[in-house]
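Colleague: Single-letter residue listing:
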Amino acid sequence: MTWLTWRQFRIPALSVFAALIVIGVVLAITGPELVGRTNFSDQDVLFGGTILVLYLLPAVIGVFWGVPMITRELESGTHSLVWNQTVTRKRWLVTKLGLGLLAAMVAAGLLGWAVSWWASPIDALAATQTDRGMLSRIMPVVFGARGIVPIGYAAFALALGVAVGMVLKRTVAAMAVTLVVIAAVLLVVPNFVRPYLLPPQTMTVAIVGEDITNITGDETGDILEIGVRNPPGAWVLANETVDPAGKAVSPLPDFVQTCVPRPGRDAGPPSHGSLEACMAQLGPHGYQQRLTYQPGSRFWPLQWLELALFLAMTALLTWFCFRRVRHLS
Amino acid sequence: MTVLRAQGLGKKYKRKWALTGCTLEIEAGHVTGLVGPNGAGKSTLLNIASGMLEPTTGTIEVCGGTPGSGPEQLAKVGYVAQSTPVYTGLTIEEHLRLGAHLNPRWDDSLATKRVERLGLDPKQPAGKLSGGQRAQLALTLGIAKRPELLLLDEPVAALDPLARREFLQDLMESVAEHGLSVVMSSHLVNDLERVCDHLVVLVASEVRVIGDVDELLASHHRLSGPRRDVETLPSDQHVISAKHTDRQTTVLVRTEAPILDPAWTVAQIGLEDLVLEYMSNPAAARPALEVLR
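Residue numbers (my numbering), protein chains in the order written: chain A, 1 to 329; chain B, 330 to 622.
Hint data in this document are derived by calculation from the structure and do not stem from the laboratory. Accuracy of the hints is not assured; some may be wrong.
Derived PhoX-like pairs (lysine-lysine); straight-line CA-CA distance at most 25 angstroms [to be verified]:
(1) A:Lys-90 x B:Lys-405
(2) B:Lys-452 x B:Lys-442
(3) B:Lys-405 x A:Lys-169
(4) B:Lys-341 x A:Lys-169
Label-pair distances were calculated between CB atoms; the ranges are [stated by the list, open to error]:
(5) B:Asn-367 x A:Tyr-196: 55 to 61 angstroms
(6) B:Gly-448 x A:Trp-6: 26 to 32 angstroms
(7) B:Gly-368 x A:Ala-173: 23 to 29 angstroms
Heads up, the beta-carbon is just placed ideally off N, CA and C, and yes, glycines get one too.
Using the sequences plus the hints, can you model the full thing?
Modeller: Listed below in C-alpha cells is the structure:
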C-alpha cells in the first residue's frame, strides 16, 4: 500500500518540496547578511514574502495534497479497484493519511525552521522595540510564520482536505471548500482564540508625554484614544486610557480635545513637544493607560498551545475520516 | 457449496430503493450470469457482494463471510466494476506491481503471461489503453489475485462485439484453468449464453428464474395451437406467458414432464427469448390461474 500511495502522491509531494528547496536556497544566501544589522527596511519584500509562503503552504497542502488523495480515486472509480485488492479501507486510509500527514508536517517544519532562522536577527531587534514600528514574532501575522505552529497548520490542512474530499467527492468543489475553511480558520484562530490561550496580562501605567506613541481621532477631529509604549516585544491586545475609576474612556475627556488642531479650523500643526505636554495633562487628572498584552516571553508557550490545538483538530478530522470511509462508495 | 447467499437483501439510496427483498443462493464452481433489465438491482447486488456497499436491510454471505469484513474476505472475492477502472497515470507494469504489493495470493507469472498473451506493452500507461484493453487489464488484476469468487459487473458493456468475444473467451479459459466461481451481470443475454452455465434472472430485485442453463432450456417449451383457455393446461405446466389471437394461442410453459397433448405444436425456446419472456411478464411467478386475467 505504501508503494502505491507514494506512486500516486510523489508528483504533488516532490513539486512542493522542490519549491521549498528553492526558497531554502534564497534564504540561505540572504540570511547571513542580516546578522548584526540594525536596519532591515530593505528586507520588507523578503520578510513579507517568507510570511506569505508559510501561510500559502497549508493552503497548498490542503488543496493539492489532501483533496485529490480521495477525490481522484472516487472520480475515476479507482477506489473500487484498490478496495478490492486484499487491503481494507482502513489500511488504505491509514497509509494515505499517514504519508500525507508526515510529508505535510515535515514540509511545514522545515520551512518554519528555515524562515525562523532567516528572520532571527529581525525578530531579535523587534523584540526590543516598544512602539508599533516593527512586528514582534508574537504578533498575529508573524506568529503563524515562526516556530512550530506551521506544522500544526499543515497537518490540519491535509486532514481537512481529505475529510472534505470524502464528503463532497468532487475535486473542484472540495478544493474550493477546503481553501475557504483553511482561510477562515487561519483568520479566526489568531484573532479570537490565540489571545485567550493564556490569560493576557494587564499593566496600568502613568501617562507620560514622551511615552505616547500614537493619537487617534475621528473625522470630526475628536481624539478617541492614545497609545503608549509597549513592554518590549509584547503583543498588545488593548492599549486604552482609563479614568480614575478604572473605566476605559473614549473619546478622551474635553480638556485634552484642544491639544490637536482641528482640520480647517486651526492653523498649522502643533509642535511635537507642546502636543505631548498637552496630552500629558491626563496624568494629573488621574487618568492612566491600561495595557492588556501577551508578553514576548510567552512566544513558545503560545506556540506549543496552538500546535496542540491544531493537532487536536487534525485528530478530530482523522477520526471523522475513518468513520466516513466505512460508508463511502 | 454456496458462494453467495442473500436473505431479504435491500439497499436504499437516499429515498430510492435500488434493491428490495432479494433472496438468492449461488452455487460454487459455476459461471453464473445475472441478467435483468436496467434498474433491476444487478449492480447493487454485486456491489454489496464485493463489500463496496453496505446493505440497508437483510443479510449476505459471500464465500462464508461478510463482504468487505477484512483482509481474508477481500482475498477471497475479486470484483471488477462496470467502469473497469484503472489508474490512468500508472503503466500496465505498475498495475501488476500494485497487485503484487496488495495481494498475498498474487500470481505474478499468471499476470505477466496474461499481459503478454494479450499483446499489451507493459510500459504503456493505462490511460492510453482502449476500452477493451482496460477491461482486460482490470480482469487480469481480478484473476491474478486468485480469488475464490470473481464478481464482474457488466464487464463487456463498453466493448465492441469483437473485443467482447475475445474478452469472454479469455475469461472462460481463465475460469477453466483456475477453477474459480464467477458471477457476472449483463443485460445482453447473448454474451452470457456463450459463457454461463447458470443463470439468474433478476427483475425488480426479485429472482424470477434461477438454474442451470441447459436445464432451463430443456424444461421450457413454447406451445402453439388452436385458441384455448390456459386454465385447462395440466397443473404441472407452469405458464410463464400466454398470447392469444382470434384463432391461436401461444404459451410458454415450464415443466419437467413431457408435453403429451397432441393439439400443441411444441417448440424449443432460445435463452434470450426465455429471459425476455420472464422479464416482460412480471406476474409469471404467480400461479397459472392469475396469469390469465
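Colleague: Would you mind marking each hint as holding or not holding in the structure?
Modeller: Hint check results:
| no. | hint | verdict |
| --- | --- | --- |
| 1 | A:Lys-90 x B:Lys-405 | 18 angstroms, holds |
| 2 | B:Lys-452 x B:Lys-442 | 15 angstroms, holds |
| 3 | B:Lys-405 x A:Lys-169 | 29 angstroms, violated |
| 4 | B:Lys-341 x A:Lys-169 | 19 angstroms, holds |
| 5 | B:Asn-367 x A:Tyr-196: 55 to 61 angstroms | 59 angstroms, holds |
| 6 | B:Gly-448 x A:Trp-6: 26 to 32 angstroms | 30 angstroms, holds |
| 7 | B:Gly-368 x A:Ala-173: 23 to 29 angstroms | 28 angstroms, holds |
Of the numbered hints stated above, the single one contradicted by the structure is hint 3.
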